[in-house]
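Protein chains in written order, with my numbering: chain A, 1 to 238; chain B, 1 to 293.
It should be emphasised that the hints constitute simulated quantities derived from the structure, not laboratory data. Treat the hints with care, as some may be off.
What the hints assert, rightly or not - Partner residues aside, some chain B positions facing chain A, computed with beta carbon under 10 Å:
id	residue
1	Ala179
2	Gly183
3	Gln185
4	Val186
The C-beta atom is built at its ideal place from N, Cα and C for all residues, glycine as well.
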Amino acid sequence: MLQITGLRAGYGQLPVLHDIALDIAPSTITAVLGANGAGKTTLLKALSGVLPPTEGRVTFLGEDITRVPVEHRVQRGLSHVPEGGGVIRELTVRENLRLGGLWRTGASAVQTTQTAIDEVLDLFPRLAERISFHGHQLSGGERQMLALGRALVARPKLLLLDEPSLGLAPSIVAQLMALLGDLRESQGLTVFLVEQNVHSALGVADEGVVLSLGSVVARGPARELQADVALRHAYLGF
Amino acid sequence: MERFILFTVNGLTLGAIYASMALALVIIWRSTRVLNFAQGAQAAASAYIAWSVTDVTGSFWLGLAAALVGGAVLGVLVQQTVFRRAESMPPLNSAVVGVGLLILIEAALGMLFAVDETRTIGSAFSTKSYQAGSLPLVSPQDLFVVGAVTLTVVTLGLLLARTAVGLRMRAAAFAPQTARLMGVQVPLMLSLGWALAGVAGGLAAMLYTPTATELVPTVLDGLLVLGFTAAIVGGLDSLVGAVTGGLACGLALSYTSGYSQPDLLLPVAFLLLIGVLLARPQGLFSSSRTRKV
Numbered sequence: 001m002l003q004i005t006g007l008r009a010g011y012g013q014l015p016v017l018h019d020i021a022l023d024i025a026p027s028t029i030t031a032v033l034g035a036n037g038a039g040k041t042t043l044l045k046a047l048s049g050v051l052p053p054t055e056g057r058v059t060f061l062g063e064d065i066t067r068v069p070v071e072h073r074v075q076r077g078l079s080h081v082p083e084g085g086g087v088i089r090e091l092t093v094r095e096n097l098r099l100g101g102l103w104r105t106g107a108s109a110v111q112t113t114q115t116a117i118d119e120v121l122d123l124f125p126r127l128a129e130r131i132s133f134h135g136h137q138l139s140g141g142e143r144q145m146l147a148l149g150r151a152l153v154a155r156p157k158l159l160l161l162d163e164p165s166l167g168l169a170p171s172i173v174a175q176l177m178a179l180l181g182d183l184r185e186s187q188g189l190t191v192f193l194v195e196q197n198v199h200s201a202l203g204v205a206d207e208g209v210v211l212s213l214g215s216v217v218a219r220g221p222a223r224e225l226q227a228d229v230a231l232r233h234a235y236l237g238f
Numbered sequence: 001m002e003r004f005i006l007f008t009v010n011g012l013t014l015g016a017i018y019a020s021m022a023l024a025l026v027i028i029w030r031s032t033r034v035l036n037f038a039q040g041a042q043a044a045a046s047a048y049i050a051w052s053v054t055d056v057t058g059s060f061w062l063g064l065a066a067a068l069v070g071g072a073v074l075g076v077l078v079q080q081t082v083f084r085r086a087e088s089m090p091p092l093n094s095a096v097v098g099v100g101l102l103i104l105i106e107a108a109l110g111m112l113f114a115v116d117e118t119r120t121i122g123s124a125f126s127t128k129s130y131q132a133g134s135l136p137l138v139s140p141q142d143l144f145v146v147g148a149v150t151l152t153v154v155t156l157g158l159l160l161a162r163t164a165v166g167l168r169m170r171a172a173a174f175a176p177q178t179a180r181l182m183g184v185q186v187p188l189m190l191s192l193g194w195a196l197a198g199v200a201g202g203l204a205a206m207l208y209t210p211t212a213t214e215l216v217p218t219v220l221d222g223l224l225v226l227g228f229t230a231a232i233v234g235g236l237d238s239l240v241g242a243v244t245g246g247l248a249c250g251l252a253l254s255y256t257s258g259y260s261q262p263d264l265l266l267p268v269a270f271l272l273l274i275g276v277l278l279a280r281p282q283g284l285f286s287s288s289r290t291r292k293v
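For reference, chain A alone in the conformation it holds in the complex:
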């Protein structure tokens, strides 16, 4: 589904990612792990187009999207939930959800988006109860639900998730991870998950990728990474 070859990216003159090469299969969850500053968030930004790569290629569903502007990637089925969720605090829950479907055009766009919003509200009944609340009135967990729900309104094929567990209670993190597993099973969703919470991420992921100083230092089945004591000590801090 997603092929990354020779990817390099950075900020100004500061290179962050070095020659990243990955191949992500459809309907899988890939956990991207590593210490602070390893380049995890930069990798997501390079994939979603927020940070254009300096070198390399990103192919999504057979199409080279390396130079496709960020605004056009959502209509190709690629959604990025940034760190902190990116919920717009000045808009209501309903408006934030509507925003997820605004890329659609054509006669059925409004109806398709409304159906997608209804599905998201079934998935997150808490959001239905808070539908008229503004973003700034929500709790951290509700904001994260809204961020994920808004991305799902776009009905993505690939979801790029950056630190969804940040600042959330363990019980909510567990629900969130379980939900990602359910979406993979029920909708065939592919998830590229950046997480600091290694246990939770590897618990739900099929594959794991470990980054260090902008390079891939390990990758493999999540269970194997979890069992690799030397790797855990060297790069994952437990």
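Given the coordinates of chain A, work out where chain B should sit on it, guided by the hints.
Below, chain B alone, put in the same frame as chain A:
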């Protein structure tokens, strides 16, 4: 009593005009965090466009349409050529750029339109007030001014709150990065904001200029100050605040100049501005507490 009614009607009419200029400033501030000090000169340019069309066709309404369209085009032009880069600069830089552009546009208007000719823009309707006995009430022009501004505010409010384009514009203004991830063409939405501000400025010009003795490049500088005061009073972030601020300024200044000296109009406006900035810097209707740039 007669004087009070007269000053109240006058205050509301002038306040509606101030509100129109305030709307132009607020629309741009909401979307780009730029205080466009060139708005007065841009509106003056719209008035010159209107005068040119009216001079040829003899129609006020064609002139008004030209001012609105011209204001929109000029707004986009100014954004694309000057403010596109200034939007990402510190506020002081963009303010200085705005003042520079104001001087540039006014100088250009002075060169394009020779000063040896007196130009005026007439009012759309009669300025003669309807009477209740011997009591003067409102004139058709007063009703037109208030009606035009009300229509503009309602249309803008509906556009921003009820339409997909409005949602895109608000998302682009509040969180451009998130909006891009959702597929919103942020630069296009910002340009649309500048165009709408240009329309509001053009309307302000066409409502205000008939009250001036003649059309000169600096004719709207005073209105810019009053519109700015109205926008600050209202809170800079709020369309409702811009209108409320405009009406409050109009009434305050009308009573002051009516009951004391007409020359006190601008000094009182400045006092009002300073007072609001000291007492409630966020204005009456601001929601900026939740805003991150």
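Numbers of unmet hints, in rising order: none
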